[in-house]
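**Q** Given these sequences and hints, build the entire structure.
Spelled out from the first residue to the last, the chains are:
Protein chains: 2
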Amino acid sequence: MSIISKIKSIFKSSSAPAKKASTPTKAAAPAKKTTPAAKPVEKKTPAPAAAVNPKEVETLLAAIKERRTIYSLKPELPEGVTLSDIKDITQAILKDTPSAFNSQPNKVIILTGEAHKKVWNQVVDAIPTEDGKKRPQSAADEAYGTILFLIDDAVTKSLQEGFPDWAAAFPDFAVTSNGAVQISTWNALSQLPGFGAHLQHYNFLKGFLGDKIGENYTVQAQLVFGTKVAEAGEKTYNDNTIPVVTEL
Amino acid sequence: MSIISKIKSIFKSSSAPAKKASTPTKAAAPAKKTTPAAKPVEKKTPAPAAAVNPKEVETLLAAIKERRTIYSLKPELPEGVTLSDIKDITQAILKDTPSAFNSQPNKVIILTGEAHKKVWNQVVDAIPTEDGKKRPQSAADEAYGTILFLIDDAVTKSLQEGFPDWAAAFPDFAVTSNGAVQISTWNALSQLPGFGAHLQHYNFLKGFLGDKIGENYTVQAQLVFGTKVAEAGEKTYNDNTIPVVTEL
Chain A
41 MSIISKIKSI FKSSSAPAKK ASTPTKAAAP AKKTTPAAKP VEKKTPAPAA AVNPKEVETL
101 LAAIKERRTI YSLKPELPEG VTLSDIKDIT QAILKDTPSA FNSQPNKVII LTGEAHKKVW
161 NQVVDAIPTE DGKKRPQSAA DEAYGTILFL IDDAVTKSLQ EGFPDWAAAF PDFAVTSNGA
221 VQISTWNALS QLPGFGAHLQ HYNFLKGFLG DKIGENYTVQ AQLVFGTKVA EAGEKTYNDN
281 TIPVVTEL
Chain B
41 MSIISKIKSI FKSSSAPAKK ASTPTKAAAP AKKTTPAAKP VEKKTPAPAA AVNPKEVETL
101 LAAIKERRTI YSLKPELPEG VTLSDIKDIT QAILKDTPSA FNSQPNKVII LTGEAHKKVW
161 NQVVDAIPTE DGKKRPQSAA DEAYGTILFL IDDAVTKSLQ EGFPDWAAAF PDFAVTSNGA
221 VQISTWNALS QLPGFGAHLQ HYNFLKGFLG DKIGENYTVQ AQLVFGTKVA EAGEKTYNDN
281 TIPVVTEL
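So the sequences go chain by chain: A and B.
Using this note's numbering, the first residue of the first sequence is number 41, and each one after it goes up by one.
Using this note's numbering, the first residue of the second sequence is number 41, and each one after it goes up by one.
These aren't lab readings, by the way, just hints derived from the structure by calculation.
In this text the structure is predicted, and so the values were computed from the model without any measurement.
Possibly wrong hints are sitting among the right ones.
The list cannot tell twin chains apart, which means a pair is met if one copy fits it or any two copies do.
[Stated by the list, open to error] SDA-like cross-link-like pairs, simulated, lysine to any residue; straight-line CA separation at most 20 Å:
no.	residue 1	residue 2
1	158	259
2	135	281
3	95	169
4	157	122
5	135	277
6	105	94
7	127	281
**A** As structure tokens, this is what we get:
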């Protein structure tokens, strides 16, 4: 079965959700279901708060808040962390990040050692201004490695051919899904004590990767990582209060 | 100070990370730093595993794995969950999701009740084929609400004017950052027992929102949510093994 007909059959079957209602599935059933969600607690605050903020949600929100851009790095792995750990965590995220029609257009390449240094030094050489050279130079000298986030454009093209009505949307779908891999990786790795990273977009570095990168791949972003030397400064926020609209 | 000069000053100061090294900051210091990361444990498996997989990372990876597309919904909130909880969790994520130069182009609007129903019924009416009407009809009838993810294009335009060299990149940066808000929201809410959702891209529904949506906003995606009636089926995976490149 071609990828497109496979996708079309999935798409079709998912249009009839009612049928699935009584089917037992092997899908990961969240363990916290056993928590007595509605158990009333004797206190003044409204009861729902405890029930709807299971510790998993708290951990996720804390991780999102704690992930910061860290420019002060040294070119080492944090104590107790191996490159395999970095790779395994990233691999798990790459595997389970959703994509349009489960098309999985995302790819990841990790650079370290001489490859990391060489690529970033070539970026430095390619940038004309002294000011512009600073950031890639720090990546070359102060970081341990780079996680490259990529999109396989052949997947996007195949979707466009299979679903011409949606053709214009697929490139953005891929970028969105890639953004999901990026943030989840950054969030998760930032929970490793001592880990620090900043996300860059010197996407033309594809040209320096030779045959290490697929011909159809585009580079979307680079998570430049190492051991954190200093915490991030304070962050400023705009007011982005979410409106709840109940009537139109 | 204009937004652009503010950004430029931030950008400049962040080029000199070394200065920050000894400055104490108020940035969220991860509590788990006190964990004795390198404490050797008497067992056969290599020591690093325990140190580099703090439970926070495990929780994040589990949440990413457990988040699935759930089409079988009923139009209720899960027991013990309020709309305020949904809003607060989403708000926290919107607040702390990174964006290019901290430009914060992301917006969120939550639709529920008559507004939710009306918008999705208009989407149904706008789609010519019977098959195409099914998904938006299920959103109208079987979901409790919709979380709309939006980009304020005025922010992108302002960045393009302020940094003409990067002008071509800013639209993708905004889409990437929006993708980060989408996935983090979906991951976190999916940890609420009973919560189910699927992500849609009927972005033309902007036209049905009247003055509830900013003129410069584009709709990126819709997380259609309610109470889960059935788990997702099995997922298939491509081989996306991450290569580690050390030499070029």
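**Q** Determine for every hint whether it applies to the structure shown.
**A** Hints, verified against the model:
| no. | hint | result |
| --- | --- | --- |
| 1 | 158 <-> 259 | within (17 Å within a copy, 40 Å between copies) |
| 2 | 135 <-> 281 | between (33 Å within a copy, 9 Å between copies) |
| 3 | 95 <-> 169 | neither (48 Å within a copy, 44 Å between copies) |
| 4 | 157 <-> 122 | within (19 Å within a copy, 51 Å between copies) |
| 5 | 135 <-> 277 | between (32 Å within a copy, 7 Å between copies) |
| 6 | 105 <-> 94 | both (17 Å within a copy, 17 Å between copies) |
| 7 | 127 <-> 281 | between (37 Å within a copy, 10 Å between copies) |
The structure shown violates just one earlier hint, number 3.
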